[in-house]
Amino acid sequence: MKSIKIKLLALLSAALFFNCGGKEEKKTEGFSYEKSAAQKEAETNKADDNVANIVLTANDMMQFNLKEIKVKAGQKVRLTLRHIGKLDVNVMGHNFVLLKPEVDLIAFAIAASTQKDNKYIPKGTEDVIAHTDIIGGGQVTTIEFDAPEIGTYEFLCSFPAHYAMMRGLFIVK
Numbered sequence: 001m002k003s004i005k006i007k008l009l010a011l012l013s014a015a016l017f018f019n020c021g022g023k024e025e026k027k028t029e030g031f032s033y034e035k036s037a038a039q040k041e042a043e044t045n046k047a048d049d050n051v052a053n054i055v056l057t058a059n060d061m062m063q064f065n066l067k068e069i070k071v072k073a074g075q076k077v078r079l080t081l082r083h084i085g086k087l088d089v090n091v092m093g094h095n096f097v098l099l100k101p102e103v104d105l106i107a108f109a110i111a112a113s114t115q116k117d118n119k120y121i122p123k124g125t126e127d128v129i130a131h132t133d134i135i136g137g138g139q140v141t142t143i144e145f146d147a148p149e150i151g152t153y154e155f156l157c158s159f160p161a162h163y164a165m166m167r168g169l170f171i172v173k
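Reminder that position 9 of the sequence shown reads as 9 in our numbering, one-by-one numbering, no gaps.
Quick caveat, the hints were computed from the structure, so don't treat them as lab data.
There is no bait here: all hints are sound.
Computed spacing ranges between beta-carbons, pair by pair:
no. : residue 1 : residue 2 : range
1   : G74       : A161      : 31 to 39 Å
2   : T141      : I171      : 16 to 24 Å
3   : K67       : I110      : 18 to 26 Å
4   : M61       : T142      : 21 to 29 Å
5   : K173      : D117      : 33 to 41 Å
Think of the CB as a built atom: it goes at the ideal place given N, C-alpha and C, for glycine as much as any other residue.
Work out the full structure, taking the sequences as your base and the hints as a guide.
Laid out in structure tokens, this is it:
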């Protein structure tokens, strides 16, 4: 019994030694903080009130993080779409499509669902103000466009069937 205890103690000691020892951590004096590219870009454009920097995220649960986006009329809009999920573009692709006023969102989305070769944007359509490329998990895309005139516009993801959950209002004041 005593030899079992000694062997068990030796085994636990060895496990503790190998898990805790070995690599030496480098300790640094002070505090270091590196800003992300998005934060640096936002600070750069902070002085320019005529640029609206919008970061819209989309995930594998078919959700945008924003249901409403507000900008000023005539303002330059820099919209960055980040797919924070993991699924491939062919399974869970997302985009941002800003529609012109009076466009039937559901009719547009149904027409778009058959246009895979055209990034799920109906060919020859004049219903779109701006749109991003389709992206998959971990990807990012950015577009720039001028905000339209004052009004409320709809935006959506035009990947097949995503419009049911991935839509919102683009409000221009």
